[in-house]
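Visitor: Listed below are the residues making up each chain.
Number of protein chains: 2
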Amino acid sequence: MKPLKNDTLLRALKRQLTEYTPVWAMRQAGRYLPEYRAVRAKAGSFMALATNPELACEVTIQPLRRFDLDAVIIFSDILTIPDAMGQGLFFAAGEGPKFKKIIQTPADIEALPVPDPMDDLRYVMDAIALTAKTLAGAVPLLGFAGSPWTLATYMIEGGSSKNFARSKAFLLNQPAAAHQLLDKLAQATVAYLAAQIDSGADAVQVFDSWGGVLSPAMYREFSLPYLQQIVTGLRQAGYAETPVILFSKGVHGSVLGDMAASGAHALGVDWTTDMNEARQLTADKVALQGNLDPCVLYADDAVIRREVQQVLNAYGEGPGHVFNLGHGMHPDMAPEKLGVMVDAVHELSRK
Amino acid sequence: MKPLKNDTLLRALKRQLTEYTPVWAMRQAGRYLPEYRAVRAKAGSFMALATNPELACEVTIQPLRRFDLDAVIIFSDILTIPDAMGQGLFFAAGEGPKFKKIIQTPADIEALPVPDPMDDLRYVMDAIALTAKTLAGAVPLLGFAGSPWTLATYMIEGGSSKNFARSKAFLLNQPAAAHQLLDKLAQATVAYLAAQIDSGADAVQVFDSWGGVLSPAMYREFSLPYLQQIVTGLRQAGYAETPVILFSKGVHGSVLGDMAASGAHALGVDWTTDMNEARQLTADKVALQGNLDPCVLYADDAVIRREVQQVLNAYGEGPGHVFNLGHGMHPDMAPEKLGVMVDAVHELSRK
Numbered sequence: 515m516k517p518l519k520n521d522t523l524l525r526a527l528k529r530q531l532t533e534y535t536p537v538w539a540m541r542q543a544g545r546y547l548p549e550y551r552a553v554r555a556k557a558g559s560f561m562a563l564a565t566n567p568e569l570a571c572e573v574t575i576q577p578l579r580r581f582d583l584d585a586v587i588i589f590s591d592i593l594t595i596p597d598a599m600g601q602g603l604f605f606a607a608g609e610g611p612k613f614k615k616i617i618q619t620p621a622d623i624e625a626l627p628v629p630d631p632m633d634d635l636r637y638v639m640d641a642i643a644l645t646a647k648t649l650a651g652a653v654p655l656l657g658f659a660g661s662p663w664t665l666a667t668y669m670i671e672g673g674s675s676k677n678f679a680r681s682k683a684f685l686l687n688q689p690a691a692a693h694q695l696l697d698k699l700a701q702a703t704v705a706y707l708a709a710q711i712d713s714g715a716d717a718v719q720v721f722d723s724w725g726g727v728l729s730p731a732m733y734r735e736f737s738l739p740y741l742q743q744i745v746t747g748l749r750q751a752g753y754a755e756t757p758v759i760l761f762s763k764g765v766h767g768s769v770l771g772d773m774a775a776s777g778a779h780a781l782g783v784d785w786t787t788d789m790n791e792a793r794q795l796t797a798d799k800v801a802l803q804g805n806l807d808p809c810v811l812y813a814d815d816a817v818i819r820r821e822v823q824q825v826l827n828a829y830g831e832g833p834g835h836v837f838n839l840g841h842g843m844h845p846d847m848a849p850e851k852l853g854v855m856v857d858a859v860h861e862l863s864r865k
Numbered sequence: 515m516k517p518l519k520n521d522t523l524l525r526a527l528k529r530q531l532t533e534y535t536p537v538w539a540m541r542q543a544g545r546y547l548p549e550y551r552a553v554r555a556k557a558g559s560f561m562a563l564a565t566n567p568e569l570a571c572e573v574t575i576q577p578l579r580r581f582d583l584d585a586v587i588i589f590s591d592i593l594t595i596p597d598a599m600g601q602g603l604f605f606a607a608g609e610g611p612k613f614k615k616i617i618q619t620p621a622d623i624e625a626l627p628v629p630d631p632m633d634d635l636r637y638v639m640d641a642i643a644l645t646a647k648t649l650a651g652a653v654p655l656l657g658f659a660g661s662p663w664t665l666a667t668y669m670i671e672g673g674s675s676k677n678f679a680r681s682k683a684f685l686l687n688q689p690a691a692a693h694q695l696l697d698k699l700a701q702a703t704v705a706y707l708a709a710q711i712d713s714g715a716d717a718v719q720v721f722d723s724w725g726g727v728l729s730p731a732m733y734r735e736f737s738l739p740y741l742q743q744i745v746t747g748l749r750q751a752g753y754a755e756t757p758v759i760l761f762s763k764g765v766h767g768s769v770l771g772d773m774a775a776s777g778a779h780a781l782g783v784d785w786t787t788d789m790n791e792a793r794q795l796t797a798d799k800v801a802l803q804g805n806l807d808p809c810v811l812y813a814d815d816a817v818i819r820r821e822v823q824q825v826l827n828a829y830g831e832g833p834g835h836v837f838n839l840g841h842g843m844h845p846d847m848a849p850e851k852l853g854v855m856v857d858a859v860h861e862l863s864r865k
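Which chain is which? The protein sequence lines are A and B, in order.
Read left to right, the first sequence gives residues 515 to 865 (our numbering).
Read left to right, the second sequence gives residues 515 to 865 (our numbering).
Please note that the accuracy of each hint is not assured.
Each pair may be met inside one copy or between any two copies, as identical chains are not told apart.
Lysine-lysine pairs mimicking DSSO-like chemistry, simulated, CA-CA at most 27 Å apart [to be verified]:
#1 K676 x K851
#2 K612 x K676
#3 K763 x K799
Bear in mind the hints are in silico, worked out from the structure with no lab data behind them.
What you are looking at is a predicted structure, and each value in this text was computed from that prediction instead of being measured.
Model the full structure from these sequences, guided by the hints.
Guide: Pasting the structure below:
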């Protein structure tokens, strides 16, 4: 492994001092970039793109050619693990992800295999290895996975959901089966993220995209313990030095404090919690990543700069801030707006 | 006006002692009830139902025939005010509300009239008067309106929105025009709610359904001041004794404390904030309404009872709790589940 030329992100994730606030953006590789759309069209489908290491590497690196980013994140999908468990992931046109099989009974969960990432998810590892080699240490490469609860929602609902009625009813009515499913997913995720690190990922993020739809009590019972299991599992497997970022979108208040005690290096924070409040809740136990409202990128450049300054001010003094959006880029955003944000973060955060 | 036979809700909203915790449910009049669907089919369309005082009265009272509720809420829609401003509300099949006109420029806002509720929204007042007469004091009748920010989102987006890209960009790029729009909507809402009270509403709720999509800073600039304007406007117009409930769905943390200082009698709380935490944040300055996750009504009866007990425990001792869901009933819910919840609240909250 070549040493990193720019390790600002990794130092910030470990709450070490940096010369400026590092920045990347969720979904920075994606549809808002015309060069992404061209590769996606060539691949033919989302899954054809995600499972082709050369093309996945290409779209991962595309945003780095345009913007002065401090990290790239491997192009993939959170639903690779349930797919590798045999659930049959597919994307219906204009409808988002769907699964051919739906989890309904304890027997369905009992039958789920825990995939071997180096075998069943080889395409992800190959994409990471190729991207790490191509980057040649320019910036850190982030790996990622979905959280057990978030993956479980798709597996129980059969796809995306508006109200999470089926998955919440499953937790409430069949808690033992739910815990078995979440435990299997956490085991699979530890192995998956360990393999990503072995393949060249410098840090990993767990996307708990639907953590915030649970009440705090249900979050503490059904999501947080499995995030904890992933953090602890990676540490026990010898990956204690690789930063882990937990992002439970929509989670706020005292739950952020509980997350900070999980042993993770950093927490993602969405834009509905002020960074100052997030910092108080987490008591500087972790680095914090965020949290500009993505919709600010629809605004005029001067407004973007002002709002970047507000987020930097809200975080305040001291190490441990990674700048990011509070959620992903939208497909209809103008690419140059991300450049305005990135440059503003660098310029305004330098002392 | 006949005296109320059951004024438990009003006493709880004023933080007076009650014999038990009063309970109602958002969207308790709605599609999950077969008798509602029958009236809706007879009316032909949602707007035909909402603008017919006899039918609106009928569906308002329907849930009271099934469940031991402590309040009913007038059947109407939050978008009546923009419609009365001439924006042309209509409902496309399966697509939610839409407006024929879209707010794009300061001139569009300048041209908006402030409606006279007794004239332009007479159908709402007639429905309230008829419902109050029909109830004959059985339980309190709630009136309601949408918050200025929430109404503005529909007027700027032209309907529902996923990301609120246009409306947020409008706030950021054209703040003076946005403030003018929000001020006009607040003025209209004060007159509208005052007319509802004059017509027979015993308390009113302001639904800030999209308050929670704003960052705390933007919420404090573009939503909260106009909720405040409504509360203050009603008090100055002589309605200080009528309880006002503010419900900004998705709003949490220190912002709840700011809302508690608005002079409103009560705040709605969604299920993502623990009632105990909400109570600490609001320091018993206001009553709190909520906050069972609606999806709990998909669970087994014993689970519903257990989760009701958890919400009651989380609120804890002392007056000022109005039990409700953290959001509205869903159309696919089994009606009898609401009965399980209502009975559990009454039984478990009696000392």
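Visitor: So which of those numbered hints doesn't the model satisfy?
Guide: Of the numbered hints given earlier, the structure breaks none, since each of them holds.
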